[in-house]
Structure formats: structure tokens, C-alpha cells
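Order-wise, the sequence lines are chains A and E. The opening position of the first sequence corresponds to residue -6 in my numbering, with each subsequent residue numbered one higher. The opening position of the second sequence corresponds to residue 5 in my numbering, with each subsequent residue numbered one higher.
Just so you know, not all the hints are guaranteed correct.
[To be verified] Among the chain E residues that face chain A by a calculated CB cut under 7 Å, a handful are:
| # | residue |
| --- | --- |
| 1 | F80 |
| 2 | V90 |
| 3 | G95 |
| 4 | Q98 |
| 5 | M254 |
| 6 | A316 |
| 7 | C320 |
| 8 | A321 |
[Said to hold, decoys possible] Chain E regions said to be covered by chain A (calculated; three or more residues, Cβ under 8 Å):
| # | region |
| --- | --- |
| 9 | 42 to 49 |
| 10 | 82 to 89 |
| 11 | 193 to 206 |
| 12 | 282 to 290 |
| 13 | 307 to 314 |
Since the hints were made in silico from the structure, they are not lab data. Since this is a predicted model, take the numbers as computed values, not measurements. Just so you know, even glycine gets a beta-carbon here, dropped at the ideal spot from N, CA and C.
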Amino acid sequence: MKSIESFNDLDDMTRTAVVDLLYRLGDDALVMGHRDSEWTGLAPILEEDIAFSSMAQDEIGHAHVYYQMLHELGEPDPDTIAFGRKPKEWKCAALVCVPNNRDWAFCIMRKFLFDSAELVRLAALTNNSLVPLAQLARKLKGEKNFHLMHDRLWVTRLGQAVKASQDRMQRALDQAYPLAMGLFESTGTDEVLAQKNICPREADLMKEWESAIIPVLTEAGLQIDANAQPVLGGRTGKHPEALGELLNSMQLVYNIDPSAKW
Amino acid sequence: MVIDTKSSSDGLSSMEDEQRLAEFEARINRGEKIEPRDWMPEGYRKQLIRLIHIHANSEICGALPEGKWIPHAPTFKRKLALCAKVQDEVGHAQLLYRAAETLGPSREQMVEDLINGKSKFSNVFHYPSETWADVAIIAWLIDAAAIINQTMMAEGSYGPYARALKRICYEEAFHMKHGYEMCVVLARGTKKQFDMLQDALNRWWNPIMMFHGPADKVSTHTNLLVRWKIKLKTNDEQRQQFLRQFVPKMFDLGLKIPDENLRYEEKTNTWHYTEPDWDEFKRVVCGGGPLSNERIATRRMAHEDGLWVREALAACAANRPVPMPPAN
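Same shape as in the complex, but just chain E (with noise of 0.2 Å):
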């Protein structure tokens, strides 16, 4: 299925009840959770498949950086915890595609789409995961910006969305610890392990300035996700917020941030910052990352290797469900 986000600017079309929708606003400004089978504007129910699509999408893919470092993690707590963050993100991925399905599309059109790169996910995972060092960076700073949004997100007016992300945070500030602790390590660790932490970040800043998504001035989707109360912070307050939060402890750990204009205005409460690439941004969310294709490939190769198994899954619940066999 092919998301069609070209509607027109509020999403509306001329055979919508405008009395219907001004209810349903009035229902969103009262705080009001909106349901599967509560009328809503097509534009709002685009806007949310187009957001829970890519983040469900983004939680599968970004299962594959990190996955790839399960079979390489160096202690059996780590790789008990690494396997276990992972399995999370994959969770988080079935348990968005559930919300996007009371919107319409089915899982199985929704990762048609991702791997016929229809559909995009989140900026990070475009790039790739080079040392341990990024396994640690990407748990700690990408799921704390991840935690920003959704916490946020989780606020937000529809219903099963706004339920799932509650259930997701949870997780994520487990794997944000996590990633923490990991970082605490490497940087008290080795000159050699401080160095891997160091040369981690300096490759995963930029990205990582870019995931809330480009500056207000040229975000197209934010105000009427704003006055949907899908979303409740722009790109940039939660920029902000990010680094707010995350630049102290990093000067803590004795990292450098790679960017010479970084500096805090005590006045506004405000981080200045070099502006982000946006072009580059467009383009890697596009498709043109430099791994973009190696993940979409491997998301195809591995719907394709199960075709066999859903097909077999699908005959049997066909013919007669099998029960589940006694325990021993």
C-alpha cells in the first residue's frame, strides 16, 4: 500500500462534515482519546498510519545495527542484555504494526512497503554500526532521543498509539540505562575502549542532531500534527530538550561533541548548535544512506527465506487449528 501523504494541506476533502469535524476537535481539546471506529478525518487517520508505519518500520530495522553485535558481545551479561533489547525493539515493532492495523493496512502491506522501500524509517538506522563502541551510543543517546519523542508521542490523541508508546517507553528507559552503564564503561575503561566511545560519537552526532526530524522553519508535517495533538512538541523543542538533558552527562563521561558552534545560552535555557545537514537528511531517509539498501535487502531476504512458513501457517489455520501439545 502506497501512503498517500499528498492530501490536501488540512487533510480534508470537500465531502467531510465540517459539524463532524469540528466535534471531533472539540473532542481532541477536551483531551479525549480517539478510537479505531471513531469518525476521524481522513487526513488524521494518513497522518498516523504515515507516523506509526515508519515508526514501526524503524523499530525492525533497527533491530539489524544492533542484532548484528548480539553474536559478538564480549560478556554474558551483555549479551544476555543486548539480546534482550533487541527482542524488545522487534516487540515494539509488532505491537505499532497492531496500531497502524485499526487504521487499515495490514502488517503484511505495511512490510511490503518497507521492503519495496515504499515506506521509510527512522534516519539513525541508515547508518552503519561499526564498533561496540556504536552499540553502547545507540542505546544510550538514540533511545534517549527515541524516549523524548514518544513520551510525548504517548500524550498524543489516538488511542492505541498512545497506549502502545506508554508500553514502549517502559522498555526503552530500560535500554537507555542500559546503554548508559555501557558508555560509563568504556569511557572509565581503556584508553583503547575511551577511544572506541569517542570515535563512536563523533560518527553518530550528525545523525543523531537529525532524528527529531528537520527545524521548524522547514518541517511540513508539525502543525497539523500539533493541532491533531499527535504530536505536542515540535522538531525543535524536543532538540532542545534532548540536549538538555544529554549534553551535560556526555561532558561528564569526558567526550567531546564534534561540533565547535555547540554552546549554551543560560538566558533562554537554550543549546546553540551547528543546523543539520537537511538535504543530506531527505536524501538518507529517501533510500540514499549509506546503508540504506543493505538494511531494505535484508528485510526482503528475510520475508522472503519465511514465505514458505507463512504460507504453510496459512494453509493450516485453513484446514484445522492445531492445539497447542501437552507439557511434559
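One chain only, chain A, in its complex shape (with noise of 0.2 Å):
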């Protein structure tokens, strides 16, 4: 299929899916990035203080290159889309939005499936048909190697440390392994993004994912529930209460003088 150079040769509506896409990806970075920075300071050991930190900073950033990307195809800059949104705006799935509750066994596994999904996603879009993401793409993928590198390890290790951290990351699976079949709902621009060559369809990307999950999950003793159904609503802006608290949060400052330097 031939390659679409820059956003200019865009048609509408295939220039309407890629806006869709990259509103769920910049707001799954972002609020997951945000959830991540909720930890410095509180880790249980220093060493992931700091790991969660960077990995915060990665998440921010790539919500950023994402929302510049979505400024160049006409949308606000990135922090009015970041700082002046309504909940109802946004397109993160409900995995992200779940307040991390100091419960650090279900965060490790969350960035795991999130991680994961995200590089099975980012593999994808390496070799797209428009230049400009799969470009992007490329870059962003090798950070979230690490990431993933990183997350596997604790899965693993936990999974297979004592009983009683097996037994977490058990309950961390059972409660997140619903919410993260969310980061694949289908939108209606699915079938858009896949006949440009864009993006895969959201069920290819999904059965990609568990083929990756389900061996480093099997080696730390843990099991997918086979009944577990996708918490849906998040890509059409249908999120839990925690959502709007966490963009109180977010916007406190911003909201003080929105048209202000900060």
C-alpha cells in the first residue's frame, strides 16, 4: 500500500480515525503517566521511586509528542488539551484511570499489561502506511522496551518469590486483566485505520497481545480468569468516577488562570 507522506494527504475521513487514534493514545499515556508520578516519594524501595518516576516522565512525554502530533492536524496545543478538557472529552480506557490505592502489586501488573499492550500496538505502527507516526512510532517503541523490561521482571519475581506475593499479583491480575482488554475497544474508526494500513484492527492487536502476556504470566504461576469480560466506555468517553477526580487534580492549578504564563 502506498505511503502517506505528511497529514496534508490525508482524506477526512481517514484524518478523522487518526485523530481518534491519537487522542487514545496520548490520553492512555498521559493519565497512565500520571498515575506513575502519584508513586515518588512512596515506592517500596528506593530503587523504583526512581523507576516509576522515569517511567512517569516517559508516559508525560509521549502524551505530549502525541497531542503535538494531534496540533498539527488542527486540534488545541498540547496543554489545552491536557489542562482543558472535560472528562467526557477524553478517550483513555478505565485501566488507566483506577487510583493507585498504595496497592503496588496491582500498579506493577497494570504497567505490565499496559506496557505490553502498548508495544504490541507501537510494533504495529512502526511500519504504517503514514510516515509521520510510523517515525514516531519507532522512537517511542524503544522506551517502552524498557518499560517492559522492567515490568516483566517484577511479574515474574513477585509471581514467584512466597505465596502471599503470589497471591497478590493474582488478585492484581484478576481485577486488572478486565480493564486492560479495554485498551482494545473498537471504535467506529477501526475499519478506517485498517484499510489505510494504519493501525491493525483492535482484536488482531488484542490476540497479539495475550500471545505476548500469557508466557511471562504462566513462568510467575499466575492465570488469566477465561470468563473475564472488557470493562468497556472509555474510548467514547464513558469513565469512572476516578476520572474527573484525577483531572480536578490535574487541572487545579491550570484552572486558577487558564489564559495565565505558569
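Make the complex out of the two chains shown on their own, each in a separate frame, by following the hints.
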């Protein structure tokens, strides 16, 4: 299929689909980064405090570049996108919205499932027909790889260590897995993106994700609930209350005076 | 572990060899670094453990008032910078606990002491960070005061601490620039923003003036620390250096300093100021500050929440090393 060299070469329908995809990617990344950053000063060991902070900065940075791309497509500037939108305008999955609740088992499991999903998607995007997005995916994939190495190490280590840690990780998986399935919620743009060879169908990405995570979870002695049902709605603006609370917190200072320079 | 700082005034026991002490002090006077396996007087070891431990505690407790504002940072630039800055502070704690470990106590012991209120942390982190402007003042002026202290300590006689401090100061210099830039933006912003900044300075001025420790005439540790080149400047000398460097910059931003006795004497290149309330300082660093209990409770909560992870890690280490999984 022919490459699309620039955003100017997109027809209206594809353009709308790409905007939707970038909002999904950017919103997931920013909310995930926000949650990761909430561990600053509170992680179980200093080394993980530092690691979570690094990954938070990567996620927030990724959100910024996705939003920058949206800005090039005619959307508002990245700060306005991040700090000026109401919850229903967000397209993140419920997985990233869940508060940390001081539950490190859930958070490390969430990161593993999230980063695995992101990596599957980014790997697909590196060869997509939209050249600027393919270039970006190649850059971000490298960082994601480091995140996943970190997460896999912890999931296997905590899964294998002692009964108590394995039980915690199994509970974390039971909680996080249906939410993570929601990362692959199909939107109306699925078919257009697949036909234009920009992004594979969500159902196909999900199959790939499952084959990537199952060996790691098995090695860790953990099992996926075969009857798990995906938690949907995030991609169409239906979010848990936790997102509203997160945004109130994130937009607190910005809202003192949105027109001021901070 | 309880750190005993009540040893005899010169820190020496009768068992210690006077000849070795003379050699030790001669090495220090020649500007040599003392390394972990070298002989050192017990008093030197204890003073260093006390100082490095307080410094490390201050880094992790200092992550709390600033870390609290990472979720509220109002732009991408600020969110990324503040997250990176607080991450650096936690990294400093890691480096410093490591440096202190070369003298005996383990990190686990030192963290236990902190959460049991048996060891101290810097006075400034016992106060609340109430607004976004507090983050700017902390990053600019507290990091500036810390740089004055730490660049001096980085020339000190104990090798591992001096080397850790050189790395730390390099990062603190970035933090100070980040804080100053935030202050400039607020000072030149809307009236509301300027008022936030002035209000933050009003609340932080006294804690900052106490940051370098009690006045020389009442400081109990300074003489010994100077003699062994653990510290190369007195508390008052550091305070003067801070005032000379930063008062003019505060004036440039249009800020009013909340001390009506503050004046500069050109002849002696000295700032005169209202002597801080050293009773308040002692009360605060001993756990009687506005947020002392909350800071320690937060550290205790994090420590206890993470216990299962550390136990699992210990079990892993005892069983077999888990290799790093291959990259995709």
C-alpha cells in the first residue's frame, strides 16, 4: 500500500480516524504517567521510586508528542488538550484511570499489561502507511521496551517469590485484566485505520497482546480468568468517577487562570 | 540504630591511639580524603553518620512537599520538570544512604530510625507546601541554600560523602535554575500570581533563614566538624553567603523580604537580620514542626506498605537470581 507522507495527504475520513487514534494513545499515556508519578516518594524501595518516576516522565513525554501531532492536525495546543478538557472529552481506557490505592501489586501488574499492549500497538505502527506516525512509533517503541523489561522482571519475581506475593499478584491480575482488555475497545474508526494500513484492527491487536503476555504470566505462576469480560466505554468518553477526580487534581493550578503563563 | 552524638567533646575514647589520631589529623590537614577502610576516630565516624543520615532523610522527606504538587503541575513543561526534580531528590537519598552505609549502619536501619522519630531531617521539610508558588520558592531558595552547604561539604575530608555531594550539587544547580525560572514567571505574571509568590516567600523566609543551622555562638557541633574538615564554613558564614547571593535577586523580582531589620553593611559586606528563633528551630527538628508527624507518618506508611515487596525480594535473592528477561 502507498505511503502517506504527510498529514496534508489524509482524506477527511482517515484524518478523523487518525485524530481519534492519537487521542486514545495520548490520553492513555498521560493518565498512566500521572498515576505513575503519584508513586513519587512512596514506592516500596528507593530504586522503584526512581524507576516509576522515570516511566512517568516517559509516559507524560509520549502524551506530549501525541498531542503535538494532534495540534499539527488542527487540534488545540498540547497544554490546552491536557489541562482544558472535561472528562467526557477524554478517550483513555478505564485501566489507567483506576487510582493507585497504595496497591503496588495492582500498579506493577497494570503497567505490565499496559506496556505490553502499547508495545504490540507501537510495533504495528512502526510499519504503518502514515509516515510521521511510523517515525514516531519507532522512537517510542525503544523506551517502551525498557518499561516492559522492568515490568516483566517484577511480575515474574513477585509471582515466583513466596505464596503471599503470588496471591497478591493473582488478585492484581484478576482486577486489572478485564480493565486491560478495554484497551482494545473497538471504535468506529477501526475499519478505516485498518483499510488504510495505519493501525491493525483492535481485535487483532488484542490477540497478539494475549500471546505476548500469557508466557510471562505462566512463568510467574499466574492465570488469566477465562471468563473475564472487557471493561468498555473509555474510548467513547464513558469513564469511572476516578478520571474526574484525577482531572480536578491535574487541572487545579491551571484553572486558577487558564490564560496565564505558568 | 540510635546514633550516639553524646560522646566526649572531642569524640575520642581513652582506648584510641593518640599517635593514630595525630596521623589522621595530619592527613586531613594535607587535604587527603579519608576512605571507608581507613582508621578514623569514633567521633569522626559518628559525626559523619549523623550528618549523612540527616542529609539522606532530608532528601526523602523533601520529596514529599514537592511531590505533592506533581499531580497539580499546570503545564507539560512543569509536570515533567517537577517530576524529574523530585526523582533526583530520591536519587540523592539513595546515594547518601549508600555513603552512610560505608560507615556502618544499613539503609534499612536508617529508614527505621527515621520512621521511629530517632533521627532528624532538615527543618524546612517540617513545614507545609500550601500553594504552587511554594514549589517555586522551595526549588529556588531552599535548593540554593542547600547548594551553598553542599558545595562546601563536597570539599570535606570523607571521600564517599564528598564524591556523592559533587554529583548531587550538579543536579541541585539545575533544580535551582528551574525554581528561579518558575519564580520569574510568577513574579512577572498576573497580580494573583505575584501575590502567591510573595505569600510563599513570607511563609518560607524564617524556615530558610534557619536552614543552615543555629548561630555559631550557640551551635554545638561546628568546632569539631571544622577541625576534621567535615565542614569548611560555619553556619553563619553560609547564611551570609546565601544572603549576599540571593537577596539582590529577590529584590530584582520585586519581592519584599519579611524582615524589617534586614540591611546591608557595605564596609563589612555583611547582611544584618533578625536573629531566627532558635528555640523554634530546635522544636521543629525534634519533631515539633507543623507537619513533622505527617511527614514521618507518610514515610512509615510507604515503608510498611512496601514490606511485602521487600520480603518477596529477599526470598527471591535467597532462592535464585531471576535473570533479566530478553528485550523484544
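**Residues of the region 193 to 206 of chain E with Cβ under 8 Å from chain A, three needed, outcome** = holds (count 4)
**Message:** Checking hints one by one. Is F80 of chain E an interface residue toward chain A, by the C-beta closer than 7 Å rule?
**Reply:** holds, 5 Å
**Item:** Minimum beta-carbon distance criterion (7 Å), G95 of chain E to chain A
**Value:** G95 of chain E check passes; min Cβ-Cβ to chain A is 6 Å, inside 7 Å.
**Hint validity - A316 of chain E Cβ closer than 7 Å to any chain A Cβ** = holds, 4 Å
**Message:** Next item in the hint list is A321 of chain E. Is there a CB on chain A closer than 7 Å to its CB?
**Reply:** This interface hint is violated because 9 Å lies over the 7 Å limit.
**Message:** The hint names Q98 of chain E as touching chain A; please verify it with the least Cβ-Cβ distance against 7 Å.
**Reply:** holds, 4 Å
**Asked** Under the criterion of a CB-CB separation shorter than 7 Å, is C320 of chain E in contact with chain A as hinted?
**Response** Holds, because the Cβ-Cβ distance from C320 of chain E to chain A comes to roughly 5 Å (cut-off 7 Å).
**Prompt:** Within the assertion that chain A covers the region 307 to 314 of chain E, do at least three residues meet a Cβ-to-Cβ distance smaller than 8 Å?
**Reply:** That given contact holds, which follows from 6 residues of the region 307 to 314 of chain E lying within Cβ reach (below 8 Å) of chain A.
**Prompt:** Residue count check for the region 42 to 49 of chain E against chain A: does it reach three with CB-CB under 8 Å?
**Reply:** With 0 residues closer than 8 Å to chain A, the region 42 to 49 of chain E misses the three-residue bar; violated.
**Outcome, coverage of the region 82 to 89 of chain E by chain A - at least 3 residues whose beta-carbon is closer than 8 Å to one in that chain** = holds (count 5)
**Request:** Against chain A, run the beta carbon of M254 of chain E and see if the smallest gap drops under 7 Å.
**Result:** Result: violated, 20 Å to nearest chain A Cβ.
**Prompt:** Against chain A, with CB atoms and a cut of 7 Å, does the hint on V90 of chain E hold up?
**Reply:** holds, 5 Å
Checked against the numbered hints given earlier, this structure breaks hints 5, 8, 9, 12; the rest are met.
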